[in-house]
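**Q** Listed below, chain by chain, are the residues.
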Amino acid sequence: MATITPVVMPKWGLAMQEGTVVGWHAAPGARVEKGQDLLDIETSKIANLLEAPASGRLRRVLAREGETLPVGALLAVIAEENVSEEEIDRFVEAFEAQRAREAPAAEKAVEPVVVEAGRWRFRLLEAGPGDAPPVLFLHGFGGDLSNWSLIQAALAPRWRTLAPDLPGHGGSSKALERGDLAELADALEALIHGLGLDRLHLVGHSLGGALAVELAVRDPERVLSLALLAPAGFGPDIAGSYIEGFLRERRPRKLRPVLEMLVADATLVGREMVEEVLRFKRLDGALEALTRIAARLHEGDRQRHAVRERFLALPMPRLVIWGAEDRILPSGHLEGLAPAVEILRLEDCGHLPQIERPEQVCAALERLFREAR
Amino acid sequence: MQLSREQLLDAYRRMRLIREFEDTVHAEFEAGNIPGFVHLYAGEEACAVGFCLHLDDRDRIASTHRGHGHCIAKGCDVEGMMLEIFGKAGGLCGGKGGSMHIADLEKGMMGANGIVGGGPPLVCGAALAAKTLGTGGVAIAFVGDGGSNQGTTLESYNLARVWNLPAIFVIEDNGYAESTSSRWACAGSQVGRAQGFGMPGVEVDGFDFFAVWEAAREAIERARAGDGPSLVHVRFMRYYGHFEGDAQTYRAPDEVARLKAERDPLMLFRRRVSEAGLLEETQLDEIDGECRARVATALERAKAAPWPGEDELVTDVYASY
Amino acid sequence: MAKKTYRQAINEALRQEMERDPRVVLMGEDVAGGMGSPGEDDAWGGPLGVTKGLMPIFGRERVLDTPISESAFIGAAVGAAASGLRPVAELMFVDFMGVCFDQIFNQGAKLRYMFGGKAKVPMVIRTMYGAGFRAASQHSQCLYSLFTHIPGLKVALPSNAYEAKGLLIQAIRDDDPVIFFEHKAMYDDEAEVPDEPYAIPFGEANVAREGDDVAIIALGRMVNLALEAAGQLEGEGISCAVVDPRTTSPLDTETLLEVVEECGRVVIVDEAHPRCSMARDIAAVIAEEAFDALEAPVRTVTAPHAPVPFSPALEDAYIPSTEKIAAAVRAVAGHPGG
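Residue numbers (the working numbering), protein chains in the order written: chain A, 1 to 373; chain B, 374 to 694; chain C, 695 to 1032.
Note that these hints are calculated values from the structure, not bench results.
Because the structure is a prediction, the values reported are computed rather than measured.
Take the hints with a grain of salt, since some may be wrong.
Derived lysine-lysine pairs resembling DSSO-like cross-links, with alpha carbons at most 30 Å apart [as the list claims (entries may be wrong)]:
id, chain 1, residue 1, chain 2, residue 2
1, A, Lys254, A, Lys281
2, A, Lys281, C, Lys697
3, A, Lys281, C, Lys812
4, B, Lys676, C, Lys812
5, A, Lys45, A, Lys281
6, C, Lys697, A, Lys174
7, A, Lys34, A, Lys45
8, B, Lys461, C, Lys814
9, C, Lys812, B, Lys480
10, B, Lys480, B, Lys461
11, A, Lys254, C, Lys697
12, A, Lys45, A, Lys254
13, A, Lys174, A, Lys254
14, B, Lys461, C, Lys812
15, A, Lys45, C, Lys812
16, A, Lys174, A, Lys45
17, B, Lys480, C, Lys1018
18, A, Lys254, A, Lys34
19, A, Lys45, A, Lys11
20, C, Lys746, C, Lys697
Whole structure, please, built from the sequences with the hints as guidance.
**A** Okay, structure coming up:
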């Protein structure tokens, strides 16, 4: 039986419904090996490379450069030379027919909701069984809940994942009085209480990491485990130029190099991601909120938050993950945390491990969560 | 209704200031010292002052191309005005507007207008703002007999009435729209037109300050009370031409001389207040001297002042660009 | 994020700004509709329903129907703006500008300058433009170049629903008179539009698509046709950048020239008549400032020098199409390099 392998539009993250084909790395008819780079795909959140799912010849290429197709759509067909054109035709026909039948039952994307908590309004994406242990994900400066989409997608089957937009960010309320950790923690506490989360795992990235520490310090009984990804407040250094550039730049061409500082592989920063950041910054109150937070976060290349000592004194199981090529907060801040705390240093990874190395991050997180039970 | 002594003095001072100002500008223009076009208000003082005496800074007026009188009556700075007319730096509009666009929004003077009929819609807007913001202010459009036939003016009557605006339309009928007689050009009557739009209208002798003042009081009170717009048809004549340089051959040869001898508003005012024993001649003479001096000083300053710098060419086109 | 139509985006911008600032008032013919009539109040919400629902929220004090008297109420918008309100007046069809152009170009545009900076006219005039409705010559024109010509006015042309909300909010917050052009054939077109208010600055062109062979500069609705053409041309091996100026006054010549210099070849797409158009204006700027970077003559794709015809067959031939744009790009791409 001849093997014919479809190449389909992947689902990266809970919210992804469609992707755009940016470019092919192999021409029709070329020989491809399983695992090699096959095509670049861009969504509104990320640009990434899809690898060939099998070895063989690229017999059909059905998606053009620039075309946007839904998750699951047939992009190409890989098969050996000895498979006839007619067999490939029949395969494609059957595949499309099957998709057409399945379309009405297509997976409905999980949508964020709006939650009022105290004087704050939060946009929140929840995914996972309601009776599973809750995991609260806190993104970093200038980010939003979608930073966690790859992680949420992977963990949702087993965990009750909750990712809010922090105050001043995404679709959450923008009015901030001070923008310090205390105010952010007040807001998150209101959310935690509002959601009735008696005990939860906390995962924080960058500024969200420092915030997670603050929350854990305030109420250690409530926090089952604490996982930090490239957290702020663990050392003196920060790339002030990143924050300043993020706040200052209004044109895509100027903002792109700033965003590229976040990752080890610049090609991850797609056009749509840049556009999304620009559109966020235009929202009423967004720039003011971010400016306030930034003023508390750094002065030039010096961090103003310091949570390292309090973190080390916490009782619950903890994990710190850092990308070796982080240009925003140096991975050197990991020094001295082990062996008191489990650490994970990721090679070929910048400031966004949850996007650059999601599988490794998920594996480490699940190990931590299970250890904490 | 009686005016107090202060009000009478104020009225006379404003009228005299206008007269001195316009006579001075006339002389300067004849001497070739003033650029562009000027349109003088001499002879019409009673109207501008009769209305503006009732107004304060929350009230707005819009004028015609013949705007110096309204400007002075509304309290604009005379020196600033002279500088503006000479096109000098420091003018009321920085030298950017000149005689035909002379304005000071801070005093509620929304400008002389180079477009006939340009004022009434602006005044509807100012009245709408006063009504919406609850300032209690009114807005007055001074319109010429020529402007009374522009579509903009008639549309404004209609709009002011259907929106019930605190607006007053003052038709300054000085007998001529440029060279054309108002009797010929205006079909029907001004008051009839107002009534046609459901507005009260009255006609007054524009040389008689007290008659104007009284008609103005009624119209303004009506507007302030929220009872909507009205029209006042003021009949008088201008002493000078439509514009300076106008040979005025369309007028009867002794027309202006007779007006000055028999109907001069300042003369009639003086006669009235003296006969009634309200003011002394000497007080009025003093005011004459003051005004003359003020205008003379303004003239001196205007002549000595520098031109605006060339960088001013492109300033104030926008608030931001 | 929610998808909203061009119409909804504009309505939302108006509602949010009216909520934020009590000085914002709407005026125009039938902007609510039904005034004085025995039937429904808010009967129309504008001829194409753009302002529907606003009068019930804000009342007739802030949503004012007018008689058919453009010179009076557009002039009133100017006067009200100079007196403390922030009016958004509707000139139903830009083709009607003839009856109120003085109020716009001699009064509104010039008060600030003539009064030496002492006046402020924070007024917006929303107006419908464009062909495609078989509405014929007097209801289908694209007259933005006439307003762009006038110092003192600003002119915005949103190309989709996202742009419409952001540019209208900016227009209302802007202290200068802004003419806001809404393409009547786009009201049902959807895009992702944030629920929260946001402003898109004036004078910042949007590079809607990156490319390096030919730059397509397009105005208003034409941006979407240009994007379609560019997608097609990609398949033919021609890489097109598409630039949307967003505002013709102020015009972001810096970005336009940057993209033109990178590509060396440019096509300008403008639905308006060609004489004294934005297409020719931009072409002249490019010729003057980027001559050495050009590898081919500047091409424009415009309507013909004729009034808009009625017959569907004729009107369809009149409006620039994706095919015409693609043909112009091919011609320019095929021109031997300079």
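**Q** Evaluate each hint against the coordinates.
**A** Each hint, compared with the structure:
For the suggested pair Lys254(A) and Lys281(A), the alpha carbons sit about 14 Å apart, so the restraint of at most 30 Å is met. Between the alpha carbons of Lys281(A) and Lys697(C) the distance comes to roughly 19 Å, so the proposed pair stays at or under 30 Å and holds. This hinted pair does not check out: Lys281(A) and Lys812(C) have alpha carbons roughly 33 Å apart, beyond 30 Å. Annotation: proposed proximity of Lys676(B) to Lys812(C) holds, straight-line Cα distance about 24 Å (limit 30 Å).
This hinted pair checks out: Lys45(A) and Lys281(A) have alpha carbons roughly 16 Å apart, not beyond 30 Å. With a C-alpha separation of about 22 Å, the suggested pairing of Lys697(C) with Lys174(A) holds against the 30 Å cut-off. A distance of roughly 26 Å separates the Cα atoms of Lys34(A) and Lys45(A); the hinted pair therefore holds under the 30 Å criterion. With a C-alpha separation of about 22 Å, the suggested pair Lys461(B) and Lys814(C) falls inside the 30 Å cut-off, and the hint holds.
A hinted pair counts as satisfied when its Cα atoms are at most 30 Å apart, and Lys812(C) with Lys480(B) qualifies at roughly 11 Å. Taken as a hint, the Lys480(B) and Lys461(B) pair is honoured in the structure, with Cα atoms around 21 Å apart against an allowance of 30 Å. Of the supplied pair hints, the one linking Lys254(A) and Lys697(C) holds, its CA atoms being roughly 28 Å apart against a limit of 30 Å. In summary, the hint linking Lys45(A) to Lys254(A) is supported, as the alpha carbons are separated by about 19 Å, within the 30 Å threshold.
The hinted pair formed by Lys174(A) and Lys254(A) meets the criterion: a straight-line CA distance of about 25 Å does not exceed 30 Å. Distance check on the hinted pair: Lys461(B) and Lys812(C) sit about 16 Å apart at the alpha-carbon level, within 30 Å; holds. For the given pair, Lys45(A) sits about 48 Å from Lys812(C) by alpha-carbon distance, which is inconsistent with the 30 Å threshold. Taking the CA atoms of Lys174(A) and Lys45(A), the gap is about 22 Å. The hint holds against a cut of 30 Å.
Between Lys480(B) and Lys1018(C) the CA atoms are separated by roughly 57 Å; this puts the pair beyond 30 Å, and the hint is violated. Among the hinted pairs, Lys254(A) with Lys34(A) is inconsistent with the structure: their alpha-carbon atoms are about 37 Å apart, more than 30 Å. Distance restraint check for Lys45(A) and Lys11(A): the Cα-Cα separation of roughly 12 Å lies within the 30 Å cut-off, and the hinted pair is therefore satisfied. With a C-alpha separation of about 19 Å, the suggested pairing of Lys746(C) with Lys697(C) holds against the 30 Å cut-off.
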